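Model the placement of chain B on the given structure of chain A, informed by the hints.
Chains A and B, in that order, are what the protein sequence lines are.
Final position of the first sequence in my numbering is 574; the numbers increase by one with none missing.
Final position of the second sequence in my numbering is 574; the numbers increase by one with none missing.
No lab work stands behind these hints, which were simulated from the structure alone.
In this text the structure is predicted, and so the values were computed from the model without any measurement.
Once the Cα atoms are required to be at most 20 angstroms apart in a straight line, the calculated DMTMM-like pairs of lysine to aspartate or glutamate come out as:
#	chain 1	residue 1	chain 2	residue 2
1	A	522	B	429
2	B	465	B	536
3	B	522	A	429
4	A	522	A	484
Per label pair, the in silico range of CB-to-CB distance:
#	chain 1	residue 1	chain 2	residue 2	range
5	A	369	B	506	25 to 33 angstroms
6	A	495	B	509	16 to 24 angstroms
7	B	334	A	345	31 to 39 angstroms
8	B	384	A	448	37 to 45 angstroms
9	B	348	A	465	39 to 47 angstroms
10	B	344	A	559	41 to 49 angstroms
11	B	348	A	447	49 to 57 angstroms
12	A	391	B	477	16 to 24 angstroms
13	A	545	B	336	32 to 40 angstroms
14	B	384	A	545	17 to 25 angstroms
15	B	384	A	408	26 to 34 angstroms
We put the CB at the ideal spot given by N, CA and C, even for glycine.
Number of protein chains: 2
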Amino acid sequence: MTGSSEHIIRAYDDELQALNGLIARMGGLAEIQLAAAVDALVKGDAERAQRIVAGDRALDELEQEIDAAVVRMLALRQPVAGDLRSVVAALKIAADLERIGDYAKNVAKRSTALAQSRQMETLGAIARMARLVQAGIKQVLDAYLQRDARLALDVWERDREIDEMYTGLFRATLTYMMEDPRNITPATHLLFIAKNIERMGDHATNIAEVVHFMVTGNRLEGGRPKGDTSSYAVVEPESPRSGGEGR
Amino acid sequence: MTGSSEHIIRAYDDELQALNGLIARMGGLAEIQLAAAVDALVKGDAERAQRIVAGDRALDELEQEIDAAVVRMLALRQPVAGDLRSVVAALKIAADLERIGDYAKNVAKRSTALAQSRQMETLGAIARMARLVQAGIKQVLDAYLQRDARLALDVWERDREIDEMYTGLFRATLTYMMEDPRNITPATHLLFIAKNIERMGDHATNIAEVVHFMVTGNRLEGGRPKGDTSSYAVVEPESPRSGGEGR
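Isolated chain A (complex conformation):
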């Protein structure tokens, strides 16, 4: 190997390390935004919610920084094979993390519409779902940084659990709406909040697919596991004749 090509390889490795650092930073920030948004929601902290909305800008800027770094590496280093897959993966992962940030922002926005009427039971279920999603985001970024396809597959498989929690929340929230028309507005926002968090889980699943492909060169087969059947769900109000008996 000539001194010059060694130099090029070292420069490429340095740039890849820098890119990984940006992805790790962006992922960490997305996790924090999610956790903070749910915390502000549960505590009814409108001021904090506003800071979270403002904080989304940092994620948008990190995505642009990652995009620029990727384009620069493609132009100057012209990576091939596994290196090329890594660089393209970074671009895709940044786009998913940006979306996760958008959903956290939306959760924070909606929490302000809920300040007066927080149904603690549903909020508890939302917080539990959010913790699972947050763990999935953390794990899939570890999978990216460690080039660990098995870890990515694990996140991908566990999305079903999040979907099932969401379907349960969907049904419970519709029932809550039916109990009193005054519940309808807050419950609708809770429903969208739950959906946002479920979508963040989908984006973690997307990242898992990208990481798996990056490491193995093979796509995860057969479509992702699906536990969200809420799109088909029909929840009936209690019949007036049943006098408030069972659901």
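Okay, now just chain B, sitting in the frame of chain A:
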């Protein structure tokens, strides 16, 4: 210019044409899926809805085909400057079109939960919003194919109109829920359908940003125009004392 570099350039142009063809095909299919899903919804055609759900697979496959073509071009042609921006843009646009397809699939799924209780007024408003979104998708793909930043900017600016339609639909649907608890399940699905279509508009706006950057090298400044204020919306049920008077 040597014969050999001419050959390389011609091969690159051919590949770029092929890539543009794939994007045009994928965009056309996404448009068709959206229009068909809304049509199946309005007509309560569950059989057609199922075909639309199955048809999403073709969009997923096209995205994979575009990804593979992009990675191949990056590895073999090593484009720089404007060419590199075009190729990276194709990757991002394909991801947005895939999401648009996912939303169309979800509209089709939900339409089957609505078969028995279709509120024609809301369905009409949804269909109008969908036509705007469809026109935006078509226009932004023309902007990509013609490298027309002005056309892309126009789509970007008009997303506000779609957001405003959605906010109106949000309020009307909540009011409809409050009128009768039996409306709650179908209205919730209508709300998510409307949200799905609004999100497709956001993805057309994303594509507009990608096209604008690809053509001009400059990012659209100042965050996108926002007409969707529904995240902050609170709709109150009629007071029982008002005896069913005005909204």
